[in-house]
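Visitor: Chain residues, written in single-letter form:
There are 2 protein chains.
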Amino acid sequence: MERKKYPRILFRKRLRELKEDVNEIGQIAIQAHKNAIKAFNNYDKDLLDDVTKARDKIEELSFHLERKCISIIASEQPVAMDLRFIEACIKVGSHLKRIGSLSVNIAEAAKNLKGEEIPARSMEDLNHMANLVQMMLSKGLYSFIDQNMDMARELRHDDDKVDDLFDQSLENVTSSMFQNKDSISYMIYLLFIARFLERIADRAVSLGDRTIFMITCEKPKKLELKK
Amino acid sequence: MERKKYPRILFRKRLRELKEDVNEIGQIAIQAHKNAIKAFNNYDKDLLDDVTKARDKIEELSFHLERKCISIIASEQPVAMDLRFIEACIKVGSHLKRIGSLSVNIAEAAKNLKGEEIPARSMEDLNHMANLVQMMLSKGLYSFIDQNMDMARELRHDDDKVDDLFDQSLENVTSSMFQNKDSISYMIYLLFIARFLERIADRAVSLGDRTIFMITCEKPKKLELKK
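Which chain is which? The protein sequence lines are A and B, in order.
Take the first sequence: its position 13, counting from 1, is numbered 174 in the working numbering, and each next residue is one higher.
Take the second sequence: its position 40, counting from 1, is numbered 201 in the working numbering, and each next residue is one higher.
Just so you know, not all the hints are guaranteed correct.
If chains are identical, the list can't say which one is meant, so a pair holds when it fits in one copy or spans any two.
[Stated by the list, open to error] In silico lysine-lysine, DSSO-like type, Cα no more than 30 Å apart, as pairs:
1. Lys229 <-> Lys174
2. Lys174 <-> Lys322
3. Lys322 <-> Lys229
4. Lys272 <-> Lys180
5. Lys300 <-> Lys342
6. Lys322 <-> Lys275
7. Lys214 <-> Lys180
No lab work stands behind these hints: they were computed from the structure.
Predicted, not measured: the structure shown is a model, and the values here were computed from it.
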């Protein structure tokens, strides 16, 4: 008789549940980022509260996800791709947690920009960045959920675009500060927001890298060092 | 006969090895941060290279640490404190990895400040912050290695000081920019360095929180949300 450690029906069910959990957390993170950008464009205390609540929810859910993953590893002793999938769930959970915190950072920075006059060019730069990042977040999440390597690989190129936009907005914000000294005290928050967006993009890339590692066993380190 | 799943000699040995691994990675991270600050005070390409190499080494070592931890969980099915210790090793590894990257960020930002005139006040603020952060890093690492709850708890208060210094340096840098428009293009890197230091301090706090959770089972989430 063939040694059939897997598939065990219950085990498969537990893996499916993990994927559903990751998807749930991912959707909350994507929404948190959207609301943070809304707050940047039109600050509103309720939006900041929404993003903060989302961050807390993500922390709680990813904490439970991690416990579940560890308990499955201990009780089922999965191997190969199954093991890598469970490990990936832990990592993806912690990336999503960080994306939640960075979204709160954006919404909080937006508070400092409320009512201030922001150069149209900087608004455009940052919204352009935010749109790319939003798309990268979805790609990162769905590349993992659907185990789609092509989508995961695209994220590296997307990230280059975000990096270019980051440099561009740094330059534009700096020259605006130069033209209008009075704007310095709040314009620095535009710099921070650009930086937060760039960090979220990095996390989206990490979601893709983890997906690639899960499927191919290609070490994320090598990928990460490419940049 | 008493059911003696633990202590098994080999199992204990493997746990000791994990602790040694964490300590090794921690020492490299502490040194990377020191070199990054040296580069800030007196930029030198070799220092940037050292920090980058340290970051790469940390990534490699923490990757192997994670594999080891997962394999111990799967093969030994540890419970309670032993399990929490192993999980903590994974988390601590990933915090140290992030500290390595942030150190590279500091050294790279320092490159942009090379040869520029930086106001003495800002140099003082940032060095003050860097010293506190250096001390927090050690505390974070040793609180985990020695399972010292008091040390772990102190980190929250240390972090408040770092946050105050961050606000202070933000204010000082902004007012220097205001006085000397030509400085804006490089002074923004001081803001970024302040932010990187603040992020490293947060990671040091996370090391302490993880230690507390490992010992008391008190959820890190609650602690994290306190700020």
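Visitor: Please go over all the hints and tell whether each is borne out by the structure.
Guide: Do the hints match the structure? See the list:
1. Lys229 <-> Lys174: both (13 Å within a copy, 26 Å between copies)
2. Lys174 <-> Lys322: Result: close neither inside a copy nor across copies, 39 Å intra and 48 Å inter.
3. Lys322 <-> Lys229: Neither, since 37 Å and 36 Å both go past 30 Å.
4. Lys272 <-> Lys180: Neither: 35 Å inside a chain and 43 Å across chains, both beyond 30 Å.
5. Lys300 <-> Lys342: Classified as neither; 40 Å inside a copy, 41 Å across copies.
6. Lys322 <-> Lys275: Both, since 28 Å and 27 Å are each at most 30 Å.
7. Lys214 <-> Lys180: within (22 Å within a copy, 36 Å between copies)
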